[in-house]
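> Sequence:
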Amino acid sequence: MRADPSPRVHGLVLCALFAALTAVCSQIALPMPWGVPINLAIFAVCLSGSLLGPVRGMASMAVYVALAAVGVPVLAGFQGGPAAIFGKTGGYAVGYILAALLTGLLARRFGRRFWPLCAAMAIGCAACYVLGTLWFVVLTQSPLPVALGLCVLPYLPADAVKIALAALLTLQLRRRLPHGRL
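Numbering (my numbering), first residue to last: 258 to 439.
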């Protein structure tokens, strides 16, 4: 006879699984001429926050960033290590932690339907953009309009699609999971 895992073990497993999902999604990428690809990482970040909630979602992204920081090649293009995390685009990866937290908080409160859930995810994504872009500006001494043109504007259409797909998947999984949660 098997015993159900404790809630703590269950939570740890979910955090690890969503960190792994983010690592896989980071590798599914469309190369861009300036070097930073469009990938599916923010899709996994949105799912993490909306399905796991603010604490577990944030923890799963903290695990992902910690893995990258110690050199595990989980970032886009199989990058990892302190140079990748503390480099000019590392702020976006660190921003995943904040994005999952905000998405989880807002999705818990307002995310029962598609559009409010999309809004929660968009706010989380925007927070990631703010942190990452400020990080980029400080490290590269680029003017803000240049940073927005390189780091934000080209990614907005793809991120809108990823947010819509993550919201749809979240709503479908909630309907099919026991008690509507993981």
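Honestly, the hints are just simulated from the structure, not real lab data. No experiment lies behind these values; they were computed from the predicted model shown. Note that CB positions come from ideal geometry on N, CA and C, so glycine has one too. One or more hints might be untrue.
Estimated spans, in silico, between C-beta atoms of each pair [stated by the list, open to error]:
hint : residue 1 : residue 2 : range
1    : 400       : 292       : 16 to 26 Å
2    : 422       : 329       : 24 to 34 Å
3    : 371       : 415       : 14 to 24 Å
4    : 274       : 400       : 37 to 47 Å
5    : 327       : 366       : 30 to 40 Å
6    : 405       : 270       : 37 to 47 Å
7    : 400       : 266       : 47 to 57 Å
8    : 267       : 410       : 37 to 47 Å
9    : 289       : 338       : 20 to 30 Å
> Give a verdict on every hint.
Hint check results:
no., hint, in the structure
1, 400 with 292: 16 to 26 Å, "holds (19 Å)"
2, 422 with 329: 24 to 34 Å, "holds (26 Å)"
3, 371 with 415: 14 to 24 Å, "holds (19 Å)"
4, 274 with 400: 37 to 47 Å, "holds (40 Å)"
5, 327 with 366: 30 to 40 Å, "holds (34 Å)"
6, 405 with 270: 37 to 47 Å, "holds (39 Å)"
7, 400 with 266: 47 to 57 Å, "holds (49 Å)"
8, 267 with 410: 37 to 47 Å, "holds (40 Å)"
9, 289 with 338: 20 to 30 Å, "holds (22 Å)"
Hint compliance for this structure: every hint is met.
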